[in-house]
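Residue numbers (this note's numbering), protein chains in the order written: chain H, 649 to 797; chain L, 649 to 797; chain U, 189 to 270; chain R, 189 to 270.
Note that these hints are calculated values from the structure, not bench results. Certain hints may be false.
Claimed, not checked - Residues of chain L placed beyond 10 Å of chain U at every Cβ, according to the derived structure: (1) R652; (2) N656; (3) G695; (4) D738; (5) T776; (6) A785.
Said to hold, decoys possible - Quick look at which bits of chain L chain U covers, simulated, 3 or more residues with Cβ under 8 Å: (7) 697-703; (8) 762-773.
Where a beta carbon is used, it is the ideal one built from N, C-alpha and C, also for glycine.
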Amino acid sequence: MAVRVQTNDFSVSDEYAALVHNNTADGAVVSFVGRMRDMNLGSTVHGLLLEHYPGMTEKALADLEDHARQRWALGHVSIIHRVGEFRAADQIVWVGVTSPHRGDAFAACEYIMDTLKTTAPFWKKELTKDGARWVDARDEDTQRAERWQ
Amino acid sequence: MAVRVQTNDFSVSDEYAALVHNNTADGAVVSFVGRMRDMNLGSTVHGLLLEHYPGMTEKALADLEDHARQRWALGHVSIIHRVGEFRAADQIVWVGVTSPHRGDAFAACEYIMDTLKTTAPFWKKELTKDGARWVDARDEDTQRAERWQ
Amino acid sequence: MNSVRILFFARLRETLPQAELEWPWASPGSVGDLKAQLRAQGDAWAALDGNILCAVNQTMVKLDAIVQPGDEVAFFPPVTGG
Amino acid sequence: MNSVRILFFARLRETLPQAELEWPWASPGSVGDLKAQLRAQGDAWAALDGNILCAVNQTMVKLDAIVQPGDEVAFFPPVTGG
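In isolation and in its complexed conformation, chain H is listed as follows (with noise of 0.2 Å):
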């Protein structure tokens, strides 16, 4: 498949169907979609500013799919990571994955989340009543990706 980092939305449906198309090998298919909450550390952000660094964005995850095809039976892998400016509900992330095992389509679709969360040059930067503030990387997202190492 592919991975793209693009400003626009994107359309579950269409990326489910474009996973499972033609495709009667792989009876699991896994998504994730991360999506904008309205409340972070206790404040009510009312948007999100997400920076990228172009080019190092689209080989990080190229690197995560690979990564998840050398551990896991993955049929169709396909990564979707939108930057610019977000409202509350708004989409950001996609991952999407099958596989003939349940059990790879899950590890995988959760190793590749975990790892971009520490790896892909991403950043967030929250804008609440008080101001904008630089969103800070959380401990817990440090233990989740090292599980997988």
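Keeping the supplied structure of chain H fixed, place chains L, U and R upon it in accordance with the hints.
Here is chains L, U and R on its own, set in the frame of chain H:
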């Protein structure tokens, strides 16, 4: 949300839309779709019959949702399992879960599928060129379900 | 009520002489007792000997669970949905 | 080529005096050396002292990785996408 046992197909697009409708609290959406494969145990499978225990199936799926909610912080949960006759690539089962937390959404979705596989009263019968055969339960499924206990 | 309603599913439903039946059951007893009574009807009921699961009133139970008169009892092979 | 191109992102990009620059780099040396040279320009570059990640030619590396003349080097805070 709801659990449903039905003969008719479901729309991934509609089910996803229902999970996130008016939902700005949950940043994570994980979904699983189980589809009919055209191969199993080395034979080409051209059809599948899915029998169930009416009444108990709905109860078993509702129990799965309850147990998942006791264990993880979940927003919406939907579980759909079809019964009847299937062809290759047909959709059989849908599990969709939302949560403020990515880890909870992944765990709950996988827990529901793993536990469904060993506790919900559905039985598959495969139609192959050599005739019909009941699908045997797999040790792997039992082991996957036991991980959650 | 002095009987239980018994249902069989999947391979059992096809293999046993009956897919469902009413069975005399005047007082509480275990699932294991009920299964033994059914099996004692003859070799046509041998399919009950294998790895068979049981639900009482639509909840999965073990062989030592108690069946009350009026209960719905189901026997079936390990499940294979999903 | 006797320089490297340096990029900063997110909080670093906003905090440091420059968002990107060309830096003289005539022969191979470590990321740690390069970072120390940048930091030595003055306290306006103190933001480099924290927990800062580095990528050379768009691959994440550690401080002991070697930077060649002509490389693209990026410094940035821990990532927070997804």
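Numbers of the earlier hints that this structure fails to satisfy, in rising order: 6
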